[in-house]
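Colleague: Spelled out from the first residue to the last, the chains are:
Protein chains: 2
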Amino acid sequence: MISKLMLAIQAKGNPSICGLDPFPALFPPHILNNRSADALDRDATAEAIIAFNKGIIDAVSDIVPAVKPQCAFYEQYGWQGVRALEETVKYAKNKGIFVLIDGKRNDIGSTAEGYARAYLGDTFDADALTVNGYLGTDGIKPFLSTKRMIFVLAKTSNPSSGELQDLRLNSGQTVSEKMAELCEQWGAETPHCGNYSNVGMVVGATYPKELADLREKAPHTFILVPGYGAQGGGAADIAAAFDSNDEGAIVNSSRGILYAYKKDGSRPSEDFASAARDAAIEMKTAIADALNSRKTR
Amino acid sequence: MISKLMLAIQAKGNPSICGLDPFPALFPPHILNNRSADALDRDATAEAIIAFNKGIIDAVSDIVPAVKPQCAFYEQYGWQGVRALEETVKYAKNKGIFVLIDGKRNDIGSTAEGYARAYLGDTFDADALTVNGYLGTDGIKPFLSTKRMIFVLAKTSNPSSGELQDLRLNSGQTVSEKMAELCEQWGAETPHCGNYSNVGMVVGATYPKELADLREKAPHTFILVPGYGAQGGGAADIAAAFDSNDEGAIVNSSRGILYAYKKDGSRPSEDFASAARDAAIEMKTAIADALNSRKTR
Chain H
11 MISKLMLAIQ AKGNPSICGL DPFPALFPPH ILNNRSADAL DRDATAEAII AFNKGIIDAV
71 SDIVPAVKPQ CAFYEQYGWQ GVRALEETVK YAKNKGIFVL IDGKRNDIGS TAEGYARAYL
131 GDTFDADALT VNGYLGTDGI KPFLSTKRMI FVLAKTSNPS SGELQDLRLN SGQTVSEKMA
191 ELCEQWGAET PHCGNYSNVG MVVGATYPKE LADLREKAPH TFILVPGYGA QGGGAADIAA
251 AFDSNDEGAI VNSSRGILYA YKKDGSRPSE DFASAARDAA IEMKTAIADA LNSRKTR
Chain B
11 MISKLMLAIQ AKGNPSICGL DPFPALFPPH ILNNRSADAL DRDATAEAII AFNKGIIDAV
71 SDIVPAVKPQ CAFYEQYGWQ GVRALEETVK YAKNKGIFVL IDGKRNDIGS TAEGYARAYL
131 GDTFDADALT VNGYLGTDGI KPFLSTKRMI FVLAKTSNPS SGELQDLRLN SGQTVSEKMA
191 ELCEQWGAET PHCGNYSNVG MVVGATYPKE LADLREKAPH TFILVPGYGA QGGGAADIAA
251 AFDSNDEGAI VNSSRGILYA YKKDGSRPSE DFASAARDAA IEMKTAIADA LNSRKTR
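As they're listed, the protein sequences go chains H and B.
The opening position of the first sequence corresponds to residue 11 in the working numbering, with each subsequent residue numbered one higher.
The opening position of the second sequence corresponds to residue 11 in the working numbering, with each subsequent residue numbered one higher.
By construction, these hints were calculated from the structure, which means they are not laboratory data.
Please note that the accuracy of each hint is not assured.
Put simply, identical chains are the same to the list, so a pair is met inside one copy or across any two.
Here are the simulated EDC-like cross-link-like pairs (lysine to aspartate or glutamate), alpha carbons at most 20 Å apart as the crow flies [as the list claims (entries may be wrong)]: (1) K100 to D51; (2) K103 to D53; (3) K294 to E57; (4) K100 to D176; (5) K22 to E96; (6) K14 to D48; (7) K100 to D53; (8) K22 to D132.
All chains, full assembly: derive it from the sequences and hints.
Modeller: The structure is reproduced here in structure tokens:
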């Protein structure tokens with residue numbers, strides 16, 4: 011539900027979301043029981059992921075309003091990894107954190123209903139799910155009936171996103187602009203909070219021009235902004251995702267927060283969680299500064 | 011690998027694939043231990059899914075070359091459902107059946123690598139995966155390096171697929187034609203078998219005109235044809251997916267085979283597997299007849 015997300019952002023005063031992308035090879039040694047990540051079987055890897063995520067969630071839960079576990083990093087460890095995803099979602103929700111599962115799911119009819127039941131129903135019980143809109147309305151409606159949120163891929167952060175998304179249609183729109191227009195339509199019938207509906211979209215920090223364009227063209231569609239930090243998007247780039255009230259967007263950082271302890275080598279690995287906390291605070295400040303400096307320009 | 015798929019089709023003389031979409035409410039009572047599907051917890055549901063799928067696989071393994079488990083129907087039962095998916099894939103592969111996981115996965119960089127490791131690597135160890143190409147080459151390359159097959163959504167079978175896929179680009183192509191062109195490019199550098207590469211595409215039986223158009227425009231791209239049977243596509247409709255050698259396509263049926271025992275009410279539920287086998291044979295015959303009758307027209 012959009013209101014839950016916006017209230018969580020307001021409560022923390024921080025429109026950012028911490029991606030939970032577990033790379034066991036980057037975990038502190040004590041989380042791996044001092045073994046090599048490669049030496050762990052799937053059960054032990056799943057346990058390490060849960061321990062790592064709980065440490066991160068505990069450390070950032072009063073700073074960031076939301077977390078975004080990315081399915082692929084769990085699914086690669088089979089059902090044990092998926093169990094770790096379930097545990098992670100449950101733990102974060104119990105801490106009052108908004109949980110967006112990044113699964114980019116897409117299908118139709120009873121299959122889309124299955125995904126909706128899985129991720130936005132009792133099974134994983136997340137607050138939101140990323141979705142790919144290539145299949146049109148049939149692939150979106152089943153998610154909307156859960157009354158929870160979806161974020162539809164519009165303009166993704168990667169270098170080749172333009173191969174399809176930047177192509178211009180006969181209507182004069184690009185494909186990503188068309189997708190944003192569809193998001194506006196899909197969202198219109200859903201509950202709103204202020205300007206925004208339960209249908210959000212994904213627009214990468216690496217494309218600040220498109221961020222500004224899509225913010226303007228889809229004024230009721232909340233934006234999830236990946237690509238900050240590791241992928242090259244800076245704080246100034248993401249300001250364009252926000253409306254004139256500094257609302258309407260949430261910025262993701264994954265590796266920049268999770269593995270902050272490795273960044274300058276000055277933090278012992280036991281401090282991974284407090285290093286993550288410091289990085290989350292630093293990101294909060296950077297976003298606030300970017301939004302403030304745009305006002306004074 | 012495309013050669014594995016084409017050899018399997020040739021060995022069975024049957025270009026069809028059986029979708030494994032478990033609906034526990036449609037399972038025979040003995041598979042559910044004579045309880046209601048709703049009364050089963052997730053562990054018991056997963057056991058029922060495994061038992062049902064093994065029954066189906068045993069019954070059709072000498073008729074159909076390939077099976078297509080659809081992820082959503084497993085993920086809705088959480089990690090227990092995902093465990094059932096793993097068991098199903100392993101069982102089918104041990105019977106020599108080509109396994110295509112229908113996950114429509116899509117992401118970039120290390121995340122796409124995670125999905126590739128999950129589904130086309132040691133974890134689930136499938137032969138092929140369906141993929142959504144909206145993110146461009148970055149979302150495709152990590153799968154190709156596994157040397158296994160992907161099927162990229164081009165023109166999907168659902169009523170609203172045209173909302174994006176039928177739109178015409180400035181180039182004159184529709185979005186689905188552009189996607190088929192990208193499939194040709196992505197496939198060019200992969201291993202081939204005859205005309206076909208490791209990159210296939212999905213084109214619905216419900217759009218026979220587009221099937222014929224995309225078959226012609228993407229002559230190196232194998233077609234997975236969903237939408238036969240339950241979704242309304244008939245045997246005559248799917249003939250257009252095949253090249254002049256009657257190659258280049260595989261037609262999916264899920265519910266029409268799996269739950270054939272319920273169709274006319276004349277088969278006892280204990281016979282679900284033999285009813286499925288009969289339906290699979292009927293479909294094989296219908297496709298062969300459609301391909302033959304097109305020659306004599």
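Colleague: Could you check the structure against the hints above and give me the numbers of any it violates, in ascending order?
Modeller: Hints 2, 3, 4, 5, 6 and 8 contradicted; others consistent.
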